Amino acid sequence: MSRIPQGCRTLGGDWAEGINRCRESFFTTFSSRGYMSFLPSGLQLMESVWEKYPSSFRNRLVALNSPHAEPCVLMGDPTLAALAYMSAHHAPHERPLRLCYAQKVYRKGESSEDPFETYQVGAELLGWNGHGAEVEMLSLIMESFEKLSMPLPTIVLGDVQILKHLCSALSPEEEKSILEALSNLSYGEYYRRVEHLSPQNGTAAFLEALPRLKGGPEVLEKARGLCPELPLEDIREITMALKELGYGKNVRLDLSLFREIGYYSGPVFDMYLSGEGRSLGGGGRYDGLLSQYGMMGQALGFNLDLERMARHARNSSNSETVMIWGGGTSSPQALGYARELIRLGKRTEMSWHEHAEASRELARIRRYRWWLDGKTGQLHSLSSEKIPPLAREEWYKGEFSC
Amino acid sequence: MVQGGILMLTVALPTGRVLEDALEVLDFLHIPTEILKNRGRKLILEDTSYRFILAKPMDVPLYVNRGIADLALAGSDVLLERKSSVVEIGDTRKGQCRLAIAGPREVAKRFESHESSMTGLRIATKYPRVAEEYFRSRGIQVELLHLHGSIELAPRLGLADCIVDIVQTGSTLKANGLVILEEICPVSLRLVASRKSAHLRWELFAPFVEAFRQKG
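One line per chain: the protein sequences are W and G, in this order. FYI, the working numbering numbers position 71 of the first sequence as 71, with every residue one higher than the one before it. FYI, the working numbering numbers position 170 of the second sequence as 1170, with every residue one higher than the one before it.
Because the hints were derived from the structure by calculation, they are not lab data. Misleading hints may appear alongside valid ones.
Said to hold, decoys possible - DEER-style ranges, computed between Cβ atoms:
1) K1215/G to E229/W: 27 to 37 Å
2) R1122/G to E47/W: 50 to 60 Å
3) S55/W to H1114/G: 24 to 34 Å
4) E1143/G to E70/W: 48 to 58 Å
5) A63/W to R1122/G: 23 to 33 Å
6) K1215/G to S55/W: 31 to 41 Å
7) P1032/G to R58/W: 43 to 53 Å
8) R364/W to A1206/G: 52 to 62 Å
9) G1120/G to K147/W: 19 to 29 Å
10) L362/W to A1206/G: 49 to 59 Å
11) E51/W to T1119/G: 30 to 40 Å
The structure displayed is predicted, hence computed values, not measured ones. For glycine and all other residues, C-beta sits at the position ideal for the given N, C-alpha and C.
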């Protein structure tokens, strides 16, 4: 058996099926709203990405030389490739621009348990100013989950503008110290550092209260009470709009939610699936990055881990498939049955075995519920012997359930 | 996890010596511990509002990281070694000790002179990641030997020049003819939460944060 590199995975079976279903659901949803498919190169020139990523992310990239001796990194995040593509291929008057992608990405995990290679789905939206962009993107993500009949994830919403506003009253050293504690997810350390601050304008009281500002929309009122100048409008509007769209129960605010301040510039979000302690992924607004590509305006993107998503997706692909035995008839006849079943919304697999019983056995091994005899055109249930075979005229009307 | 309509908090606890410290912390936080004191050999224990998981100390962060447990008590040494992405709710100040480099007196000379004299040291440890990062950050190349226990044996038997391990009173070191050569960091028991639980169940954790803050 040939080995695969440490930290990488080759996926097949139900898991791979699940990934494909999740990917299709996202692509169908996003492409139906004007998001164009995007297939970035698996390598990026180091010179194109190195300075643009925050150091915490940069240090996780995998460097290598191309066969042409150009220093490169393996694709660690498709966002920069998307921006470069959009800036080079679309004129300003074409905005807003929308891209969606599903791509393997390679980077060292944040913790020792994280894999090095992951399969992500994501989207980027450029040039639509205002909170409508976040509402569009988040609602499309939720729609994609709904299509998969999966429990909806919880969206944890924050805004780096809040931290930026608060840090403006601190010295650079104090700012660094506070942000470091938040990025390390250490509240104990955070409070120790807040106690040593000497800020003005009542910022200390707010910084002290910041970790507690988690929950429903009421935390915005609490925050406003503590610091009336806080930029809370975007996050408020997004929350209200998502509530109106029926996702209110799935939105949770966390005003201390931290994402790289130098990279993100506005509302940010993380998504969590039931039964998972880790974030499935997330995203946010990154206007500053856009200007590095000579573009002005607002940019927003997200990515989610398809592999982990697929573990939660109900996998019913096998029970939905009909095996068609073509061993006893001509190939065009058997393939014709397949075409008819596909027209009825079923999935099919051809079996060309010489013996019908061997074909049926294979269908049972695959956990299929129906087997079609290409010789007679009859559809046989494999899940219950009590169900009599259906003649072509019967199943042709679609009156059988997978 | 839901039981009888009540959302339960799942708490992962380390087995071994540190469990006694963990129980004291739970008492301090008014989390009922009666069931844990009469645990027998059970590894999962439940009462009306808490479920407790008893795991090897080094495995505790993983249960939290993956969302099996909402909360856990884990040593900061273990958190450093596992580098798990978890939220630290507070420092309990229990189980205080130090992560240190220790070795025979004759090795001390190599730590007192220029760092280049440490090149090639053979270091036995239960904490290979911490040790590797510590020496690498100083540009010192060492040979790491990953052991799972009785680390102090390694220098005595010539397997290693020194060790990286936790030191509480220093009596075990002394008994094996070792002295502390350098301290890496202080260690204590920390209350940690999964990222998801910290977002979604904060109202349950907030009193714990406050309790630690007031304790100072």
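(request) Hint by hint, work out which the structure violates, then give me just those numbers in ascending order. (result) 2, 4 and 9
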